[in-house]
Amino acid sequence: MKKLMNSPDALVDEMLAGLVAAHPSLLQEERVIRRAGGTKRGKVGIVSGGGSGHLPLFIGYVGDGPLDACAIGDVFAGPSVDSCIQAIRAANGGAGVLRLYGNYGGDRMNFDLAGEMVDVDHIQTTTVLGTDDIASAAPDDSVKRRGVAGIIYAYKIAGAKADAGAGLAEVTATAQAAVNACRTIGLALSPCQIPGAAKPTFELGADEIEMGIHGEPGIWRDKLRPADDVADEMVRRLLADPVAHKSERVSVLVNSLGATPLEELFIVYRRVAALLKREGLTIVRPLVGHYVTSMEMAGLSISMIHLDAERERLLAAPCACPFWRV
Amino acid sequence: MKKLMNSPDALVDEMLAGLVAAHPSLLQEERVIRRAGGTKRGKVGIVSGGGSGHLPLFIGYVGDGPLDACAIGDVFAGPSVDSCIQAIRAANGGAGVLRLYGNYGGDRMNFDLAGEMVDVDHIQTTTVLGTDDIASAAPDDSVKRRGVAGIIYAYKIAGAKADAGAGLAEVTATAQAAVNACRTIGLALSPCQIPGAAKPTFELGADEIEMGIHGEPGIWRDKLRPADDVADEMVRRLLADPVAHKSERVSVLVNSLGATPLEELFIVYRRVAALLKREGLTIVRPLVGHYVTSMEMAGLSISMIHLDAERERLLAAPCACPFWRV
Amino acid sequence: MAITANEERHAARAREAATLAQDELNTADGKMGDGDTGVMLRRLFGAVAAAIPDQETDLGSVFQACAKACASGTGSSLGTLVTVAMMTLAKATKGRSQIGWDELGPLLALVRDQMMARGGAKLGDKTVVDMIDAVANALVDVRTRKEASEAARKAVIETLDAFRDRPNRLGRARMFGERTVGLDDPGMLAFSRLLVAVAA
Amino acid sequence: MAITANEERHAARAREAATLAQDELNTADGKMGDGDTGVMLRRLFGAVAAAIPDQETDLGSVFQACAKACASGTGSSLGTLVTVAMMTLAKATKGRSQIGWDELGPLLALVRDQMMARGGAKLGDKTVVDMIDAVANALVDVRTRKEASEAARKAVIETLDAFRDRPNRLGRARMFGERTVGLDDPGMLAFSRLLVAVAA
Ligand SMILES: Nc1ncnc2c1ncn2[C@@H]1O[C@H](COP(=O)(O)OP(=O)(O)O)[C@@H](O)[C@H]1O
Ligand SMILES: Nc1ncnc2c1ncn2[C@@H]1O[C@H](COP(=O)(O)OP(=O)(O)O)[C@@H](O)[C@H]1O
Ligand SMILES: [Mg+2]
Ligand SMILES: [Mg+2]
Ligand SMILES: [Mg+2]
Ligand SMILES: [Mg+2]
Chain A
0 MKKLMNSPDA LVDEMLAGLV AAHPSLLQEE RVIRRAGGTK RGKVGIVSGG GSGHLPLFIG
60 YVGDGPLDAC AIGDVFAGPS VDSCIQAIRA ANGGAGVLRL YGNYGGDRMN FDLAGEMVDV
120 DHIQTTTVLG TDDIASAAPD DSVKRRGVAG IIYAYKIAGA KADAGAGLAE VTATAQAAVN
180 ACRTIGLALS PCQIPGAAKP TFELGADEIE MGIHGEPGIW RDKLRPADDV ADEMVRRLLA
240 DPVAHKSERV SVLVNSLGAT PLEELFIVYR RVAALLKREG LTIVRPLVGH YVTSMEMAGL
300 SISMIHLDAE RERLLAAPCA CPFWRV
Chain B
0 MKKLMNSPDA LVDEMLAGLV AAHPSLLQEE RVIRRAGGTK RGKVGIVSGG GSGHLPLFIG
60 YVGDGPLDAC AIGDVFAGPS VDSCIQAIRA ANGGAGVLRL YGNYGGDRMN FDLAGEMVDV
120 DHIQTTTVLG TDDIASAAPD DSVKRRGVAG IIYAYKIAGA KADAGAGLAE VTATAQAAVN
180 ACRTIGLALS PCQIPGAAKP TFELGADEIE MGIHGEPGIW RDKLRPADDV ADEMVRRLLA
240 DPVAHKSERV SVLVNSLGAT PLEELFIVYR RVAALLKREG LTIVRPLVGH YVTSMEMAGL
300 SISMIHLDAE RERLLAAPCA CPFWRV
Chain C
0 MAITANEERH AARAREAATL AQDELNTADG KMGDGDTGVM LRRLFGAVAA AIPDQETDLG
60 SVFQACAKAC ASGTGSSLGT LVTVAMMTLA KATKGRSQIG WDELGPLLAL VRDQMMARGG
120 AKLGDKTVVD MIDAVANALV DVRTRKEASE AARKAVIETL DAFRDRPNRL GRARMFGERT
180 VGLDDPGMLA FSRLLVAVAA
Chain D
0 MAITANEERH AARAREAATL AQDELNTADG KMGDGDTGVM LRRLFGAVAA AIPDQETDLG
60 SVFQACAKAC ASGTGSSLGT LVTVAMMTLA KATKGRSQIG WDELGPLLAL VRDQMMARGG
120 AKLGDKTVVD MIDAVANALV DVRTRKEASE AARKAVIETL DAFRDRPNRL GRARMFGERT
180 VGLDDPGMLA FSRLLVAVAA
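Protein chains in written order, with numbering that gives the first Met the number 0: chain A, 0 to 325; chain B, 0 to 325; chain C, 0 to 199; chain D, 0 to 199.
Pulled out of the complex, with its shape left as it was, chain A reads as follows:
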């Protein structure tokens, strides 16, 4: 697996430097990226973060709308507690800060620690964890589930709520409801390699696929089948997973994990759209592209979020960050 880089240890900082050079709407402060404009006084701040290697997550969603700041760790490693503190402070506009990030051990310990430490600054914080990956735990153990691509819906929806002037408790409740209404399933075709590692993280045979991944080996291994078969199984599993408040209106994200090209995403989206239509569901504002990746990994994920009237409105609200514009 060839990578264009200078050294594994410089990768994250050089990537951040390039990113802010290309996007003047963002500011870098060490391992924190914040909006150049800062958080509007009185607006609830939203902060996220996690390991590097998932661009455009998280940084690409910092901007007018979704996130106010994010804390970045090394590749696939959570942000340090220092970065979390710095990001919470950067996102603070005086009305409290929602920590909205994926449910991973390292990230949680560090954001929690950071929350305790900024208490001293009298910044009120709340937490909502992304837990959309249905492959990572059974439905009755859903608090153990990890957050994957579906979290961008929570970013967008909570961000629009905060923009509209809601208070911290309301923004937090809206984010939690968005997470609760969202499910994701992933599929790997080929692995990625941690910069500095001697070989790819896992191996897959020439005719093998894995379900339920995110830079790691998958939960079920299977044979590569026609795209429609694969889409059928993924959608079936998504629909079978219980959701408390279902809706007839959903949004769908067909997301490349990295190397899988748009051509294949659209072939899969075509099938997903047909299947959901057959179920009587209406797709609103579908997203197809590279939204949450694991470097050069091949594969894709499908996320579905049930939309009540408010979530649909918030999803449609204007936003402008480097990788999402409405």
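Don't take each hint at face value.
[Said to hold, decoys possible] Capping the alpha-carbon separation at 27 Å, the derived lysine-lysine pairs in DSSO-like fashion look like this: (1) Lys-90/C x Lys-67/C; (2) Lys-30/D x Lys-90/D; (3) Lys-93/D x Lys-145/D; (4) Lys-153/C x Lys-121/C; (5) Lys-121/D x Lys-90/D; (6) Lys-245/B x Lys-276/B; (7) Lys-30/C x Lys-145/C; (8) Lys-222/B x Lys-90/C; (9) Lys-198/A x Lys-198/B; (10) Lys-143/A x Lys-30/D; (11) Lys-30/C x Lys-198/B; (12) Lys-222/A x Lys-198/B; (13) Lys-121/C x Lys-90/C; (14) Lys-245/A x Lys-276/A; (15) Lys-90/C x Lys-143/B; (16) Lys-222/A x Lys-30/D; (17) Lys-198/A x Lys-222/A; (18) Lys-67/D x Lys-30/D; (19) Lys-90/C x Lys-30/C; (20) Lys-121/C x Lys-143/B; (21) Lys-145/C x Lys-93/C; (22) Lys-222/B x Lys-245/B; (23) Lys-143/A x Lys-245/A; (24) Lys-222/B x Lys-198/A; (25) Lys-153/D x Lys-30/D; (26) Lys-90/D x Lys-198/A; (27) Lys-93/D x Lys-143/A; (28) Lys-121/D x Lys-153/D; (29) Lys-93/C x Lys-67/C; (30) Lys-245/B x Lys-143/B; (31) Lys-145/D x Lys-121/D.
Just so you know, the hints here were simulated from the structure itself, not pulled from any lab data.
Please build the complex by placing chains B, C and D with the ligands on the supplied structure of chain A, with the hints as guidance.
Showing chains B, C and D with the ligands alone in chain A's frame:
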């Protein structure tokens, strides 16, 4: 090379079906994609096209701004003459149609033939060919050069000119000037595989790279080096290529050929920006991402366009198509 | 003896030959191009074989149907030249239900000229045009299927050999310059494989 | 005999051990996680080794410097637990210039408890915490470097063996359930490699 598809022969049509399902601003008519709204009466139409396998090119640039329609061929094969005719007709708003596409033998024969055939409909057409790939011919033979990623600048600039009400001759001249001001160089890290082919198009050793590519083997083969070295050489070659009307203001596109992730693009962009700054150049509206790909190929290209005052203004003009918004 | 519009047989053979040669042609094109010659021809001759009208005796109409299938089926360089060839043959054989073996050479010369006019290739550029030129010349004096078949086979082998060590001068392959020395041009190779199959 | 703040040597050894074990730990983590344990530890102990203050005799200050380097250097699960360990040790050894070998066991037990409080692991979940627990117990009665070193070595080998055939119950590895049976937990493996190197 694993692909999520149903069959090689159905790939293009299924991809198009998914694409228009996800993007209701586009309409599909066989192998032609056009804006759902149609071309405004009296506006010069701009049509492009070429082989499939390069998404978001070409389709992703059909919309308010760049293109009015495009004709799509099989993977890496030009559009058929029938599709070219259909696309020209679809783009026609009564003020003539500019055919703006990459300089490839098949594409040229078919768009030329189509142009002759729509003469009967009294649609006036002109042609501008993308010829930005400096690796594909020497500077004194630049009419033989192929069009690669840099063509999206010509789309955007010519599209904004047409939107502003300019006539066919003016839009054509603006597009030609944009092509003349733009240079691209590409780099391959790994090949792609034509759907239906038994193996990837070419092979590269674990420590090899190639310069100057687009789904084919490259022109020079080389050892994989640190990203900064590679960027230095690419920028050096770009700057050394003669351009008639240079400017101190340029835009730069660092484009993934498919599998190369954003992380690596930003590392390279960081270096490119530093090098150009050192040359006294100012970068305006840089683009970093997946703009013109060759399916799952790994590698990237760097394009640079010199901006006079008009081109800078046209580049900044509002546009809204699925893969580019200003 | 003459060639009649009982062309389904030829078309079916061409389709099979294209299917068989697919990987070989992709590989040849992968060395100096984008690796799609084989996939393209397999698909193209599939469409051509399906387009031939039943019971049609007019050769012009048969070739016209082939031309139409090509024109809507592909836009690759070689595919477009096949379209040009079909259109040329359609015009030249319009109203005729058979052509003599001695007419084949001149017809191919006409095809060659139309391809050169449309594609801009010159003789010696190492493209499919050189192969057609060689076969056209070889067929000038033939009178029977057997003679035609033998002359064509000989010509394609000699022409591949003659061009192998020259560089490509046109299309994508041009960029690779001296690296194409020692390699067969995919278009020439394709025409040779099809011709041998159809002539069998 | 006692442990003093002449810790550069230990830190340098830990750094070297982490570098040596990098690929092994990545591979172990690649089987039930995201494959980064080795890269992370190599980087982390590089930062720790660089952070140790020269000439400092106060053990608490030394560990405090290590904790700071960790807190700004990583946020991975294991890395954060190392931060917790360093903070715990800093607090526990504040103002002291040496600690006895018999204090090591209780100190590690403190570390274990703090890690459990922060990370939520329970004993038996097959994490680094189980390894620290085992070593803490093994060191309870030791009086000399030699005894400590031998007891620790024995404990890590036995503990790896004891847990290998049990499933992981926490973190990323939890998802793989029964597929983790037969595999070493990367965090337990990492602690064992570091300990053996530092104890050498
Ligand atoms: N302008 C041209 N004139 C004559 N022959 C050509 C021309 N361009 C390409 N060819 C022939 O077509 C072959 C390549 O066919 P194909 O793979 O379909 O082209 P591409 O993928 O470049 O569109 C070449 O080997 C050559 O023989
Ligand atoms: N909550 C936890 N409590 C105790 N140990 C843990 C916890 N989470 C992870 N570990 C340990 O850390 C190791 C993985 O470390 P690392 O690769 O840094 O984690 P990750 O990549 O999942 O952030 C596991 O093998 C386990 O021993
Ligand atoms: Mg990790
Ligand atoms: Mg082609
Ligand atoms: Mg080709
Ligand atoms: Mg890990």
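Numbers of the earlier hints that this structure fails to satisfy, in rising order: 2, 7, 8, 15, 18, 19, 22, 26, 27 and 31
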